[in-house]
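Protein chains: 2
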Amino acid sequence: MYGEAVGRLITELKRLPGIGQRTAERLAFHLVQAPREEGLALAAAIRDVKENVRPCRRCFNVTEQDPCRICADPARDHGLLCVVERPQDVLALEKVGGFRGLYHVLLGAVSLLEGVGPDDLTLRPLLDRVRQGGVRELILATNPTFDGDATALHLRAALEPLGIKVTRLARGLPSGSSLELASKANLAEALEGRQAY
Amino acid sequence: MYGEAVGRLITELKRLPGIGQRTAERLAFHLVQAPREEGLALAAAIRDVKENVRPCRRCFNVTEQDPCRICADPARDHGLLCVVERPQDVLALEKVGGFRGLYHVLLGAVSLLEGVGPDDLTLRPLLDRVRQGGVRELILATNPTFDGDATALHLRAALEPLGIKVTRLARGLPSGSSLELASKANLAEALEGRQAY
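In the order they appear, the protein sequences are chains U and A. Take the first sequence: its letter number 192 is residue 191 in numbering that gives the first Met the number 0, and every next letter is one higher. Take the second sequence: its letter number 70 is residue 69 in numbering that gives the first Met the number 0, and every next letter is one higher.
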């Protein structure tokens, strides 16, 4: 119904997360009709990222320089390590702006369902970083999900023998929400984690 | 927070319709972490479309050959023309499968809000096609929206002096819906267009 080139573009777009047949068709037809420069700029940007962006050899965040800007910054607290699942979590935390330590990106989470075990993550390099010394505290900032919690439990067990302080992000009601609409699990966590006031 | 290459990719992805900052970031980080081949294949597919896909000189549908496969097909009814707004509408109608005529793609709709007038569409080439003779009936298949209806009205007025049969797609309740959930406008159309039974 459409030619080979458009069909191939739709196939490639469908590989992207959250892009189904409909959206892929919409994007493909947009690209077909977009100015030549716009399409070529997108193609060049993708190529550039695939050629020049690599994981940082220390924290595994995505970077064009190695070690990355954060790891290379002497003004940051190199004794405080925040462990996250994915590079976009680093971005989310950096946008908040308050954290001045370094990161460690696991590149995933332990998942029974998807068959991801601890050895598929950057757990070993994390333990090596801690063993090299200088790390005072490790903040577990995996996602508040089943897989994220399983990963955090696994990390805590693996880190225990190394004797450093391990914390995790607070659980509770999100600001601006209401008790009425909170899930039972969320309310239970808020109760369990109640703080002195 | 991310390097220049990732930043540029996010900027380019945000030009796509329906892709905001968040989705662009998600897609960019996916592409960063995807296998090299996957990223390069997408970049190549985009380049290929920009280099090889053109509007058909007769119907303005997107095509790699000119005239397009549909216009070049002698088995189709060249006396029946279905006028649509965009190439993806041709795709939608071809998927249904029952229509054996040709198309004419307007490449947009008249829109006061977006400042699109009839001269920005492929209206003049449509009138030329009809004037060349051989067209028996013209089906207006613009979208059932404010702009689509405005475009259909404009087309009807422009086609009237040429004295050919002009029809438009039926309006009414979509199969599988319910009266209870139908909009007032949709119900009014269903009433107004009621058919003998």
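In short, the hints are calculated from the structure, not lab data. Errors might be hidden in some of the hints.
Distance condition first, Cα-Cα at most 25 Å in a straight line; then the derived DMTMM-like pairs of lysine to aspartate or glutamate [to be verified]:
(1) A:K164 - A:E136
(2) U:K183 - U:D146
(3) U:K164 - U:D47
(4) U:K94 - A:E24
(5) U:K13 - A:E50
(6) U:K13 - A:E63
(7) A:K13 - U:E24
(8) A:K13 - U:E93
(9) A:K164 - A:E93
(10) U:K13 - A:E136
(11) U:K13 - A:E37
(12) A:K13 - U:D72
Here's how the hints hold up against the structure:
1. Among the hinted pairs, K164 of chain A with E136 of chain A is consistent with the structure: their alpha-carbon atoms are about 5 Å apart, no more than 25 Å.
2. The suggested pairing of K183 of chain U with D146 of chain U holds, with an alpha-carbon distance near 19 Å, which does not exceed 25 Å.
3. The suggested pairing of K164 of chain U with D47 of chain U is violated, with an alpha-carbon distance near 40 Å, which exceeds 25 Å.
4. Note on K94 of chain U and E24 of chain A: the hinted pairing holds, with a Cα-Cα distance of about 13 Å set against a maximum of 25 Å.
5. Straight-line distance between C-alpha atoms of K13 of chain U and E50 of chain A comes to about 21 Å, which keeps the hinted pair within the 25 Å bound.
6. Simply put, K13 of chain U and E63 of chain A have alpha-carbon atoms about 21 Å apart, close enough for the 25 Å limit, and the pair holds.
7. Between K13 of chain A and E24 of chain U, the direct Cα distance comes to roughly 17 Å. Compliance with the 25 Å bound is thereby established for this hinted pair.
8. Proposed proximity of K13 of chain A and E93 of chain U is supported: the alpha carbons are some 21 Å apart, at most 25 Å.
9. For the proposed pair K164 of chain A and E93 of chain A, the alpha carbon gap of about 22 Å is at most 25 Å, so the pair holds.
10. As the CA atoms of K13 of chain U and E136 of chain A are separated by approximately 38 Å, the hinted pair breaks the 25 Å bound.
11. Taking the CA atoms of K13 of chain U and E37 of chain A, the gap is about 11 Å. The hint holds against a cut of 25 Å.
12. Taking the CA atoms of K13 of chain A and D72 of chain U, the gap is near 30 Å; set against the 25 Å cutoff, the hint is violated.
Taken one by one, the earlier hints fail for this structure at numbers 3, 10 and 12, listed in ascending order.
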